[in-house]
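Make a model of the complete structure from these sequences and hints.
If you read the sequences in order, they're chains A and B.
Be aware that the first sequence starts at 1, since it is given in the numbering used here, and climbs by one per residue.
Be aware that the second sequence starts at 1001, since it is given in the numbering used here, and climbs by one per residue.
For the record, the hints were derived by calculation from the structure and aren't laboratory data.
There are no misleading hints in this set.
Derived coverage of chain A by chain B (criterion: at least 3 residues anywhere in the stretch with Cβ under 8 Å from a Cβ of chain B; other residues may be distant):
1. 22 to 29
2. 40 to 50
3. 62 to 72
4. 107 to 116
5. 130 to 143
Not everything, but these chain A residues come out facing chain B in the computed CB check (under 8 Å):
6. Y15
7. L19
8. E37
On a predicted model such as this, the values are computed, not experimentally measured, just so you know.
Even glycine gets a Cβ: it sits at the ideal position worked out from N, Cα and C.
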Amino acid sequence: MQFLPRAEADWDAVYANQLPRIFNYFRYRLGSDIDVEELTSRTFEKAWRSRQLFRRDLAGFSTWLFTIAQNVATDHLRSRRGHAPLDAALHVPVDGGPAVEAERSSDLARLAALTAGLPEREQELIALKYGAGVSNRDIAQLTGLSESNVGTILHRVVQTLRSQWEGQQP
Amino acid sequence: MNDDFLFQFRRDPPRRFVGYLRERLERIALSQTVFPRSTLRAFVLGLLVGGGALAGVWLWLDGASVDRSELPREQVRAAAPTSTPSAALIEKPPQTPVERSSPLPVGIEPRDPQPASAGPSKRSLHVIADATTHALVASVARMLKQYWGKAAPQVESLATSAAFARICSRLEEGPNIAITARRIRAEELQACVRAGRSVSEGALGRQALVLTAGRQSALMKLSPQDVYRALARELPARGQPGRTVSNPFRTWNSVNGALDFRPIEVIGPPIKSAQGQALVYLLMEAACDATPWVKALKMTDYEEYRRICHSIREDGAYVEAPQTAALVTRLWAEPYHVAVVDYSFYEQHRYELAPSLLSGVEPSPQTFESGEYAAVRMLYAYASAWHADRTAYLQELFGERALGLYGYLGDEGLMTLDERQRRAIYADVVMRGKRLESLQ
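Structure (structure tokens):
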């Protein structure tokens, strides 16, 4: 793909590296595959159209891209609020495919049902950390929390999820 | 359950989607690419020469039969029997004879008189805009020249009421398009009908302003009145109608006792920009009108009214700065500063800025729609008298490049409508020339 040569960022590399991360951020944030492609497209298009606003000195490119993704997710969740209960995530139909993929999606839906009970901030941290694979330092920059605070919250949340998950095992 | 377990739900995006998105981004890049001027010129020249030659051959072969296909498409539609509604709604261009510069070949009869504007127009497209929409009009005019090869339109600044009066006047050579900051009123539309003018209307999008600060800053609950009292160069003297005093306020709590003790330090758009003019009209003017004798000046002495209500102080309390990412870093470093930005910018950097309230209302598409939020308004375009370049201008104005999801008018602070609405308006105004019959 021939992105603008004068752009500061290497857009080919950005696309290859960041697309899976943004894609998985939305999967974890929404707890399903529905709307994920649409929101990922929206994020990349916004970034691409407003690439002139990006300044290397302000923040890393990844941070900038995730800020856009966070805004897109917030808007989407806000518009969705009140339409469907989050518990419905457990019953989200999964497209046919390999059995492993189905099981993984089913596990994701289970995880989503558990994280739905967490505060928004904790849900966001889970999506950034485990969906997108963002480092604690970058999460701190994205959320305004301190790095140590991010680590502490994530540790506590993982403990909670673990006990709930094991409690639900058949 | 540990970290590894949580990571294992990840999966790669489907290949189909990766390819689709890549293609989509490439299309966006192409739509933003500007053709080299020389290539465009050669293409247009080739088209003209080729078209001219073809037309000459056609004339010789076709003899004296009168053929409407040589008329501009809009004129053909206007001249056709009005069996379809769309044909009836498009205004017929003025019909004036055109002098022929060379003798006709033998056997060819004189043709139907052509409209003066069908040939090279002496008068350029005439667009009216008020001060707040002037920057938007200028952007479209630039694109009209760049992408359509049309002459730059003549842009005239007029107050909105005057703009409606002009496009609805009986003058033959009236303005062709008006971009306004409010919708036409019933009596103004009636004036159009009485003058025999058909007008098409299309909404462009909303202008909305947001007051914010750096993420660590304490939230201030400001109202338009607070903003006016903090930023106006002069304020009406208390109890002395007709007199003004230089703005004495230095801190927010002196403006309004309920506000924090903080120096008045506001960063905002350049006053002559679209956003700057929106600040003046949406926040300053609304508050200024609360003083009856000042409001009365609107009708009696508009220059004086502008001096009082539109002048921003120049003692350093208001600093002009463009809306770039550098503004966000500046706000991080200066927690006492309040920034005036447009909603699109605020939305894009929401996580890096303090939440914003104006008169206790949060800016959001919902509060804009409901009318609860004070600093927002809808912009409209009105097409009136026919001109050869009018269709091109409207196509550009309502097209995806200007008003699409990432259209360039968004960079001017305009919150564009959703794509379905835009397409519907495009079809009504550009394709069908739908006449505005009444206000619903």
